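S.K.: Each chain, letter by letter, is given below.
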Amino acid sequence: MKTTLSRTLLGVVTACAMSATAGFAQEGDRVLSIGGSVTEIVYALGLQDRLVARDTTSSFPASVEELPDVGYMRALSPEGILSVEPDLIIAEEGSGPAETIAVMEQANIPFITIPDGFDRAAVGVKIRAVADALGVSEDGEALANRIDEELASAEVSVDDPLRVLFILSMQGGRVLASGTNTAADGIIAMAGGVNAVTAFEGYKPLTDEAVTAAAPDVILMMDREGDHASADRDLWGNPAISTTPAAESQSVVRIDGLLLLGFGPRTPHAVTALHSALYGAE
Amino acid sequence: MAMVSAVISAKPAVRSGDRRIRARQTIAGLAALLTFVFIASLTVGASGTSLFEALMHWAAGEEIGLRERVILFDIRLPRAVMGVAVGAALAVSGAVMQGLFRNPLADPGLVGVGTGAGLGAILAIVLGGFLPPAIAAITGTFTVPLAAFLGGWVTTLLLYRVATRNGRTSVAVMLLAGIALGALAGAISGVLVYMADDQQLRDLTFWGLGSLAGATWTKVLVAMPLILLALAVAPFLARGLNGLTLGEAAAGHLGIPVQRMKNIAILTVAGATGAAVAVSGGIGFIGLVVPHILRLAIGPDHRYLLPAAALLGASLLLGADMISRTIIAPAELPIGIVTATIGGPFFLYILLRNRGILDM
Numbered sequence: 001m002k003t004t005l006s007r008t009l010l011g012v013v014t015a016c017a018m019s020a021t022a023g024f025a026q027e028g029d030r031v032l033s034i035g036g037s038v039t040e041i042v043y044a045l046g047l048q049d050r051l052v053a054r055d056t057t058s059s060f061p062a063s064v065e066e067l068p069d070v071g072y073m074r075a076l077s078p079e080g081i082l083s084v085e086p087d088l089i090i091a092e093e094g095s096g097p098a099e100t101i102a103v104m105e106q107a108n109i110p111f112i113t114i115p116d117g118f119d120r121a122a123v124g125v126k127i128r129a130v131a132d133a134l135g136v137s138e139d140g141e142a143l144a145n146r147i148d149e150e151l152a153s154a155e156v157s158v159d160d161p162l163r164v165l166f167i168l169s170m171q172g173g174r175v176l177a178s179g180t181n182t183a184a185d186g187i188i189a190m191a192g193g194v195n196a197v198t199a200f201e202g203y204k205p206l207t208d209e210a211v212t213a214a215a216p217d218v219i220l221m222m223d224r225e226g227d228h229a230s231a232d233r234d235l236w237g238n239p240a241i242s243t244t245p246a247a248e249s250q251s252v253v254r255i256d257g258l259l260l261l262g263f264g265p266r267t268p269h270a271v272t273a274l275h276s277a278l279y280g281a282e
Numbered sequence: 283m284a285m286v287s288a289v290i291s292a293k294p295a296v297r298s299g300d301r302r303i304r305a306r307q308t309i310a311g312l313a314a315l316l317t318f319v320f321i322a323s324l325t326v327g328a329s330g331t332s333l334f335e336a337l338m339h340w341a342a343g344e345e346i347g348l349r350e351r352v353i354l355f356d357i358r359l360p361r362a363v364m365g366v367a368v369g370a371a372l373a374v375s376g377a378v379m380q381g382l383f384r385n386p387l388a389d390p391g392l393v394g395v396g397t398g399a400g401l402g403a404i405l406a407i408v409l410g411g412f413l414p415p416a417i418a419a420i421t422g423t424f425t426v427p428l429a430a431f432l433g434g435w436v437t438t439l440l441l442y443r444v445a446t447r448n449g450r451t452s453v454a455v456m457l458l459a460g461i462a463l464g465a466l467a468g469a470i471s472g473v474l475v476y477m478a479d480d481q482q483l484r485d486l487t488f489w490g491l492g493s494l495a496g497a498t499w500t501k502v503l504v505a506m507p508l509i510l511l512a513l514a515v516a517p518f519l520a521r522g523l524n525g526l527t528l529g530e531a532a533a534g535h536l537g538i539p540v541q542r543m544k545n546i547a548i549l550t551v552a553g554a555t556g557a558a559v560a561v562s563g564g565i566g567f568i569g570l571v572v573p574h575i576l577r578l579a580i581g582p583d584h585r586y587l588l589p590a591a592a593l594l595g596a597s598l599l600l601g602a603d604m605i606s607r608t609i610i611a612p613a614e615l616p617i618g619i620v621t622a623t624i625g626g627p628f629f630l631y632i633l634l635r636n637r638g639i640l641d642m
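Line by line, the protein sequences give chains A and B. Residue numbers for the first sequence follow my numbering, beginning at 1 and rising by one. Residue numbers for the second sequence follow my numbering, beginning at 283 and rising by one.
Rather than coming from a laboratory, the hints here were simulated on the basis of the structure. Note that the coordinates shown come from a computational prediction; the quantities given were computed from them, not determined experimentally. For every residue, glycine included, the Cβ atom is placed at its ideal position computed from N, Cα and C. Check the hints yourself; a few may be wrong.
[As the list claims (entries may be wrong)] Some chain A residues near chain B, calculated using beta-carbon distances under 7 Å:
(1) Ala62
(2) Val64
(3) Pro68
(4) Arg74
(5) Ser77
(6) Leu82
(7) Val84
(8) Pro97
(9) Glu99
(10) Pro110
(11) Thr198
(12) Phe200
(13) Gly202
[What the hints assert, rightly or not] One side only, chain B facing chain A, incomplete, derived with CB under 7 Å:
(14) Gly343
(15) Val352
(16) Leu405
(17) Pro517
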């Protein structure tokens with residue numbers, strides 16, 4: 001863990017130094033980054049000085065929140081974007097709407113879309129795409145390889161995997177769970193767990209009986225830094241959840257949402273964190 | 283119904299002259315307001331670019347930069363034009379509907395245009411992926427607006443068929459059937475929302491809140507003909523709508539071709555609202571409330587009410603849009619949130635202030 005962190009830091013520092021010495025004006029000096037994981041990759045490449053703005057989902061590292069926020073990635077306003085005068089926009093897949101992207105084309109501002117995905121390979125693809133957009137393909141290759149190595153060593157297969165139920169929200173006592181083809185599904189698999197819900201794709205409300213039938217050993221949630229005691233009471237007090245093995249052992253894991261579901265440079269850390277939360281630190 | 287009876291009784295003949303003058307003054311004032319808001323909406327924005335500055339540059343013979351040009355002529359101008367068209371369409375449609383149904387709660391949503399359009403949009407968002415590529419290629423980014431428009435029209439025509447018998451349309455049946463269809467559309471939407479994935483759900487949410495942010499010249503050109511048609515037809519409906527306040531039979535005795543008027547009114551309103559909803563999503567409040575505000579200010583005469591509604595609706599929507607795109611700039615609030623948070627309390631205030639009149 002400690003070595004991972006120091007290695008990341010070292011990488012960031014060297015990358016910073018490199019971009020600082022480079023110091024030449026070029027296209028992409030005023031970068032707008034859309035999507036939490038894209039922004040994290042820009043930071044991991046040490047190119048955060050080129051960022052002039054970000055979207056609402058970009059909240060890590062904390063210093064990025066000092067940049068102007070152009071809004072939610074799927075509802076970007078054309079004038080809002082132009083007002084921060086970007087000369088390059090790097091956006092996670094699904095950003096838009098299409099009208100806004102069309103206006104950027106009209107204004108001659110490149111709008112580069114970064115493919116999204118929920119497995120080990122997708123992280124590398126993302127990192128390389130962002131680095132290519134920023135004109136630092138070699139650094140990107142190095143970072144992608146390093147993260148891939150870290151992922152390879154973080155990823156574990158477990159003989160008797162735990163069944164994990166990811167709950168996005170419990171609005172009104174209804175369990176909104178994550179099916180297949182989601183970030184939650186991907187990270188659970190990488191951490192050596194099994195998604196307890198495989199009957200559907202995406203996020204769907206579960207009936208009480210489906211919760212019982214899913215029989216999760218552990219509940220996984222995003223950490224909203226709220227009052228955990230009362231959240232736990234709601235969780236275990238839910239009649240459907242109370243029937244599950246997870247309720248019996250009171251097993252709930254809460255991890256920061258962007259870290260857990262981002263599929264960016266911090267994903268090795270997320271895998272390790274989730275794995276040790278599930279199976280205990282080794 | 284209290285309001286309608288108040289509106290009829292508050293019309294003593296002696297005051298009608300005063301009222302006419304006041305209505306004309308109000309309309310002139312509203313026209314000035316709209317001009318002001320229109321210019322302001324070209325001048326105010328997240329980017330700090332202003333129409334005034336650009337004109338000064340242009341007058342001085344300087345080149346206007348690409349960025350300024352895009353902001354002024356590709357973002358703000360189509361958006362302002364669309365705001366005027368949509369605001370006017372919603373407010374006039376609301377006024378016509380309330381007159382037609384003699385019900386102060388009637389708005390285009392009630393006769394199924396809103397629910398139908400919403401359903402069409404939801405269908406397009408959730409099932410758009412299943413469209414044959416050939417069709418998807420033609421409709422492109424217009425799939426959702428097109429589906430919304432078709433949904434609104436089909437629902438309205440369906441209701442109209444249900445409510446019309448032997449060439450006579452029963453407004454009561456139409457209203458009730460509208461509520462029934464609304465419930466059905468809501469249920470189908472519910473199923474589709476359940477089928478939707480994470481991204482589609484967010485699209486649905488944003489569509490439901492409404493926005494002028496997607497305004498492009500193409501959208502303006504697509505929506506404009508139907509809205510202009512409705513605005514052009516509306517004045518011809520004024521006399522008939524005035525007659526209808528006395529009841530259908532009385533209106534008939536006054537020589538008003540009631541059935542034909544109803545046909546025209548419903549079709550134009552469905553067209554205009556359908557087009558407005560299709561390009562801007564679900565924007566509530568304007569259609570319902572603007573006519574009420576004006577009835578309190580200038581009285582119930584549709585000859586003044588309809589043009590005033592067009593002007594006030596356009597001004598209010600443009601004003602709300604300016605707030606929505608500057609208050610949290612460079613990000614943007616969906617306009618439905620702005621119209622509701624500012625309009626709701628304002629309307630409540632007007633109602634409380636005028637309780638005396640409304641209680642009569």
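S.K.: Just to be careful: measuring from the Cβ of B/Gly343 to every Cβ in chain A, is the smallest value less than 7 Å?
M.R.: This hint is violated: B/Gly343 lies away from chain A, its Cβ roughly 23 Å from the closest one there, beyond 7 Å.
S.K.: Min Cβ distance, A/Arg74 to chain B: is it shorter than 7 Å?
M.R.: holds, 5 Å
S.K.: Taking the least C-beta to C-beta distance, is A/Glu99 closer than 7 Å to chain B?
M.R.: holds, 4 Å
S.K.: Close enough to count: is the Cβ of A/Gly202 nearer than 7 Å to one in chain B?
M.R.: holds, 4 Å
S.K.: Using 7 Å as the Cβ threshold, decide whether A/Pro97 counts as touching chain B.
M.R.: holds, 6 Å
S.K.: Given B/Val352 as an interface hint, is the shortest Cβ-Cβ distance to chain A below 7 Å?
M.R.: At 4 Å from the nearest chain A Cβ, B/Val352 passes the 7 Å test, so the hint holds.
S.K.: Going by Cβ atoms only, is A/Val64 closer than 7 Å to chain B?
M.R.: Where the cut-off is 7 Å and the nearest Cβ of chain B is about 15 Å from A/Val64, the hint is violated.
S.K.: Should the interface hint for B/Leu405 be scored as holding, given a Cβ-Cβ cut-off of 7 Å against chain A?
M.R.: violated, 18 Å
S.K.: Against chain A, with CB atoms and a cut of 7 Å, does the hint on B/Pro517 hold up?
M.R.: Where the cut-off is 7 Å and the nearest Cβ of chain A is about 34 Å from B/Pro517, the hint is violated.
S.K.: Using Cβ atoms only, decide whether A/Val84 comes closer than 7 Å to chain B, and label the hint accordingly.
M.R.: Given a least distance of 6 Å, the restraint on A/Val84 holds.
S.K.: Checking hints one by one. Is A/Phe200 an interface residue toward chain B, by the C-beta closer than 7 Å rule?
M.R.: violated, 9 Å
S.K.: Close enough to count: is the Cβ of A/Thr198 nearer than 7 Å to one in chain B?
M.R.: violated, 15 Å
Violated hints, listed in ascending order, are 1, 2, 10, 11, 12, 14, 16 and 17; each of the other numbered hints is respected by the structure.
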